[in-house]
Structures are given as C-alpha cells and as structure tokens.
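Peer 1: Produce the entire structure from the sequences given, and follow the hints as far as they go.
Going down the list, the protein sequences come from chains G and U. Quick note on my numbering: the first sequence kicks off at 498 and runs consecutively. Quick note on my numbering: the second sequence kicks off at 3 and runs consecutively.
Hints are computed from structural coordinates only; laboratory data are not their basis. Quick caveat: nothing in here was measured; it's all calculated off a predicted structure. Just so you know, not all the hints are guaranteed correct.
[Stated by the list, open to error] Okay, derived cross-link-like pairs now, DSS-like style, lysine-lysine, Cα gap no bigger than 27 Å in a straight line:
id	chain 1	residue 1	chain 2	residue 2
1	U	K71	U	K43
2	U	K43	U	K104
3	G	K500	U	K71
4	U	K43	G	K577
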Amino acid sequence: MEKYFIYLSVILTVIIFIPLYRVLMGPTLFDRVLGAGAIATKTMVLILVIGLVFNRLDMFIDITMAYAILNFIGNIAIAKYLATRTRGYKKE
Amino acid sequence: MELVLILADFIISLGAFFLLVGSIGLIRLPDFYSRAHAQGKADTLGVMLIITGLLITELAQGLFINSAKLLIIIAFVGLTNPTATNALVGAAFHFPLTPWFKKDQNKKNKDQNINTKEEEV
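Peer 2: Shown next as structure tokens:
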C-alpha cells in the first residue's frame with residue numbers, strides 16, 4: 498500500500514516534466530502560460546500524494562488549498578493583463 | 003475493507019492515465035486552442051479522479067475532517083481550472099490569434115508567423 502503511492506509519486510514527477518517543453522519552446526506567449534498552469538495543477542496532486550506517504554495529510558491539504566488559490570489567481574491576473582494590454586494596442 | 007482500497011487504487015490509476023493523456027496532448031496538438039482543450043478537460047478530470055481516490059483511502063481509515071477538506075479541493079479544482087483556461091482562451095481570441103484549420107496543414111511556417119506577431123506587440 499505504501500509502495501503503491503511511492504511509485505505513483507515517481508510517475509507523477511515524470512508526467513509533470515512533460516509540459517515543460519511547452520513552457521520553454523512554445524510558439525506564443527499563451528502556450529507558455531498554459532504550460533505553467535498545467536504544471537501547477539499537477540504539482541497539487543503530487544503534494545497530496547507525498548503527504549499520504551508521510552502520513553501527515555492534514556498538514557499537506559492546507560498547503561494544497563493555498564497553492565490552488567495561488568494558481569487560479571495568477572492565471573486570471575495574467576489573462577486579464579494580456580486582454581487589456583492587447584485591447585489598448587489595437588486602438589492605436 | 004480491502005475491496006474499497008483496491009477500488010481507490012483503480013480510480014487513482016485512472017486519474018494518472020488522464021493526466022498523462024493531458025500532458026501528451028499539451029505537447030502534440032497543433033494549435034493553442036486545442037492545447038487549451040487538452041489542459042482544461044483532461045487535466046481537470048485526472049486531478050478530480052486522483053483526489054477522489056485519496057478521499058476514499060482517507061474515508062476507509064475513518065478520517066472525516068481530511069475527507070471534507072479533500073471534497074472542498076475537488077469542488078475548487080472543478081470550478082476554477084476550466085475558468086482559468088476559459089479566461090486565457092478569451093484573451094488569446096481577443097489578441098487576435100487565428101485558429102488552426104485543416105486546410106493550412108501544409109503551411110510549415112505558420113507558427114513562425116504567430117511568433118513574429120507576438121513580438122510586434
């Protein structure tokens with residue numbers, strides 16, 4: 498049972514490194530932001546699984562909630578900034 | 003009790019499979035909008051499935067406060083991850099970033115055109 502979650506955390510770490518290609522090589526700015534959001538979403542799951550391995554899930558759940566809120570606010574802020582910035586550019 | 007844990011492990015494996023599919027779609031699909039589709043749907047389903055499996059594991063041990071917090075996280079992720087992707091796609095459609103069609107499949111330098119347009123702004 499313990500061993501299953503350790504293997505799962507290793508597999509999740511491999512999965513997290515895949516969207517890093519889109520962050521580094523993405524053709525547009527939006528692709529980079531999307532890849533960063535994907536990495537943050539998967540990191541939440543990794544934190545939870547590691548908390549279950551350590552038997553301290555009650556502490557790691559609060560960290561996960563804070564990280565989820567940070568990810569959401571950051572993505573919304575970047576999207577709003579890009580929208581208003583390009584709108585002001587198009588008027589000129 | 004053992005059967006419940008096996009069911010939880012199966013749900014967690016299914017969620018990891020969906021996360022893998024979402025990651026592969028994020029690097030293999032041809033367009034920003036289709037990549038946003040991969041990230042907004044497949045990743046959300048995978049995260050919700052994995053946290054559901056953890057919730058079943060915690061319920062089998064009788065830890066009800068952790069289960070309630072995990073339920074809150076499931077609801078939060080299911081609400082906010084598609085919302086963030088939708089806001090980003092709206093900003094990209096306003097940019098304007100042209101979608102990919104099958105008729106310009108043979109144009110090799112389409113990504114480079116988008117790249118120059120980004121650098122102009």
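Peer 1: Does each hint hold? Answer for all of them.
Peer 2: Comparing the hints with the structure gives:
With a C-alpha separation of about 23 Å, the suggested pairing of U/K71 with U/K43 holds against the 27 Å cut-off. Proximity of U/K43 to U/K104 is assessed by CA-CA distance (about 22 Å); at most 27 Å being required, the pair is judged to hold. For the hint linking G/K500 to U/K71, the alpha-carbon distance of about 25 Å falls within 27 Å, and the restraint holds. Restraint check: the Cα-Cα separation between U/K43 and G/K577 comes to about 21 Å, which is no more than 27 Å; the hinted pair holds.
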